[in-house]
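These protein sequence lines are chains A and B, in that order.
Using numbering that gives the first Met the number 0, read the first sequence as starting at 0 and increasing by one per residue.
Using numbering that gives the first Met the number 0, read the second sequence as starting at 0 and increasing by one per residue.
Each hint should be verified, as a subset may be incorrect.
As the list claims (entries may be wrong) - Straight-line Cα separation of at most 25 Å, BS3-like style, residue types lysine-lysine; simulated pairs:
| no. | chain 1 | residue 1 | chain 2 | residue 2 |
| --- | --- | --- | --- | --- |
| 1 | B | Lys281 | B | Lys17 |
| 2 | A | Lys203 | A | Lys182 |
| 3 | A | Lys16 | B | Lys17 |
| 4 | A | Lys182 | A | Lys83 |
| 5 | B | Lys281 | B | Lys59 |
| 6 | B | Lys315 | A | Lys14 |
| 7 | A | Lys83 | A | Lys236 |
| 8 | B | Lys28 | B | Lys256 |
| 9 | B | Lys38 | B | Lys17 |
| 10 | A | Lys150 | A | Lys83 |
| 11 | A | Lys14 | B | Lys59 |
| 12 | B | Lys34 | B | Lys281 |
| 13 | A | Lys22 | B | Lys268 |
| 14 | A | Lys159 | A | Lys227 |
| 15 | A | Lys16 | B | Lys268 |
| 16 | B | Lys256 | A | Lys14 |
| 17 | B | Lys315 | B | Lys28 |
| 18 | A | Lys22 | B | Lys161 |
| 19 | B | Lys111 | A | Lys127 |
| 20 | A | Lys14 | B | Lys268 |
| 21 | A | Lys22 | B | Lys160 |
| 22 | A | Lys22 | B | Lys162 |
| 23 | B | Lys315 | B | Lys35 |
| 24 | B | Lys34 | A | Lys22 |
| 25 | B | Lys256 | B | Lys160 |
| 26 | A | Lys236 | A | Lys150 |
| 27 | A | Lys236 | A | Lys172 |
| 28 | B | Lys111 | A | Lys159 |
| 29 | B | Lys256 | B | Lys59 |
| 30 | A | Lys126 | B | Lys35 |
| 31 | A | Lys182 | A | Lys172 |
The hints are simulated quantities; they were obtained by calculation from the structure and are not laboratory data.
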Amino acid sequence: MSDEKPRASNPLINKRKLEARRKFLRSVVLGAAVLGISSVGYIPVARAWNVRMRPPGALEEPDFLSSCIKCGQCVQVCPVAAIKLDDLDQGFGVGVPYIDSRTQACDFSCDAVQCILACPTGALVYKKPTFMPTRSEMVLPAPPILLAKEKSPEPTLNLKERSGLAVLVRPEKCLARQGKGIKGAARGQSFEGTMRFMEVDRWKPIPLRDHPYDLELCDLCVRTCPIKNAISMEIVKENGVEIHSPVVHEACVGCGVCEMVCPPDLAAIVVEARKGWSV
Amino acid sequence: MNKYLESVRVMLGGDPRKPGPVDYTEEAKTIHFYKKSEKHDFDALKLEARAHQKKKYWLKRRWIALLSINLLFTVSFWFDIQILEGALTASRMLGFHLIDLNSALQVMLAHKHIIVNLLIGTGTVFVLWLALGGRTFCSWVCPYHFLAENAERLHVYLVEKKKISDHAFHRGVRTVFWVLFAGMAWVTGYTVFETISPTGIVSRALIYGPGLALGWVTLLLLFEIFYSRRAWCRYVCPIGLTYGIVGVFSPLHVTYKLANCHHEGECRKVCEVPHVLECVIKGRAPSAQLDIGADCTRCGMCIDVCPSGALSFEIKGLRKIM
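Here chain A stands alone, though its shape is the one from the complex (with noise of 0.2 Å):
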C-alpha cells in the first residue's frame, strides 16, 4: 500500500502543475496580445494619417489627446452638429471630437463657443494653461469679433487661438477669379450642410439649400463668413490682369464656413486644421 500511494497521486500533482502551467503562459499571451492590439493604435497618430479639424479652443494635438476622455459632450451641445466623433481606424483618435468643414462647418451658430463650456477635461479651453504649448502663429490678432454679435455689448468671441486658417487651395476653381456669378443654392439641393443666416432667424440654423442666391459675382466665402474682417473680396493683378479674388486676413479663426459653402465640387478654399498665420 505504502508504495502505491506516490504513484497514484504523482499524476495528479503534474497534472495541477502543468494546468497551472499553461495557465500562466495563457496568461502572458493573452498580456502580450492585449498590449499589442492597444498599441497598434499609436499607428495613425504617429504617421497623422488624418490631420482632423479640432473644434475651437482645442489644445495642441498630443495635448488634445491626451486630455479628451471621449465622452461626446461636446457633440451634444453644438447646433449645427458640426462635431463628430472618430473612430477606431484613428487609433489612439477613436472617441475623440473633430470637425469635417466641407460637410458642416462650425459657423459658431451657438454664440458663445459652447462646446469649450461642455467639455469636463479641458481639452477644450477659453484661455490656455501658461505652461501649454502655444504657437504665435495661432495667436488671434485681436479678440475676434462674431459678426452676429457686432451690435450686442460683447461682441466678441472668446477665442484666443486659432483651430486652422483658410487657405486658396484652388485657385483656379475659384468662381470669383473667373468671374463667375452664383445662381441657386450654394452646394445643391443634396447637400444637407446647415447654416445661421441673421437675416432669416437669429436663433436658429436652416439647411444651407433653402437659402439660394442669385449673384452677379459670386463672393460667398466673404458674404458668409461670420468673423468681421477675416476675408474679403479684392481685386488682385494676375498676368496683368485684374480679376476678383478673395483675400484671407490675419483675424481668420478657421471656423471652416467659406469652405463649406464655396459652391465648386473640390472647394476652392479650404481651411487648413492647425495652420497658424504666416506673412
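Fit chain B to the given chain A structure using the hints.
Chain B alone, transformed into the frame defined by chain A:
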C-alpha cells in the same frame, strides 16, 4: 486574517485561502459540526425551494436599471432633453459632472494636468460608488456587461454540450493590466486603454451611432463565447478593478448565512467572479454570517439561484438599526 486585506488580495489575483483553525468563530464551528451529520436530499430541497422562489428577481431589476441608464444617455441626446448628457466616460446629470474614475485616471496620467471639473466629477462618482459598492457599476451600469453576460450564457451552454472547452487565465493578469495601462498612459501621453475599452466604445455607439469600433467589441465577445468564459471582465478590464478598490469598504454587499446554506454550489456556477464565493464551499466559512469580497459585482445572480436563501443583499449597519 483581516477580511478587508483578504478581499483585496483575492481581488488582485490571489487564490482564496482556507481559513485556519483559529479563524473560525464558535458559532461557525457549531454549525459546521452539525452540518457534518446532516444528510439532505438535495434534489428534493431544491425543488421545494424553487417552487417558492421569485424567478430572476434581481436579474430583471438589474437589466431594467442597466438598459434605462444607457438609454437615458441616448434619449437625452436624441431628443435633447438634457437629463444625462455625455457618455459613460464622462457625463453631466442635470448639470452635475459625473466622470468615470478609470477614464479620469487615464486622462490625468496621460495629460499630467488636472482641472477642477475633472476633480468634481470624479468626486461625485467616487462617493456614489463608495455607497453603492464599487463593482456594482460593472453589472448594473456597464453596457458591455450586458453583452458579455449574454455571451457568457452561450459559452456556458456550449461547454455543457461539450462543443467547446473553457480556458481560464491567471486572475493576477488583470492587476498587471491595470498597472501597465496606467504606466502606458503616463509614458506615452495617450489614453491607450480608452482605444480598446469596450465600455466606452459600446456607450458611444449607443449614443452617437455605431462604427468600426464595434468590430473590436464583436471580436472580444467571440473570444469570450468560444475560448474563455467572461475573459474581458475577469482578466483584463482595469475599470472593474478601479471600482473594486472603491468598493472595499462599501456598506452594500451580498451577505452569506452559513446556517441556511446547503452547499449545492449553484451560486458558484452562475457567478462572474466565483473566487469571491469560495466561502460557500462546505467547511470554509469562518463565521456564521459574512460579507462577500470586494470583487463581487453585486449582480445578484447568486441570490436568484440560491435555493435556500443563504445569500442576500445587505446594507451594513442597517440590520442593527432596524
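- Contradicted hints - numbers only: Numbers 4, 5, 6, 7, 10, 11, 16, 23, 24, 25, 26 and 30, in rising order.
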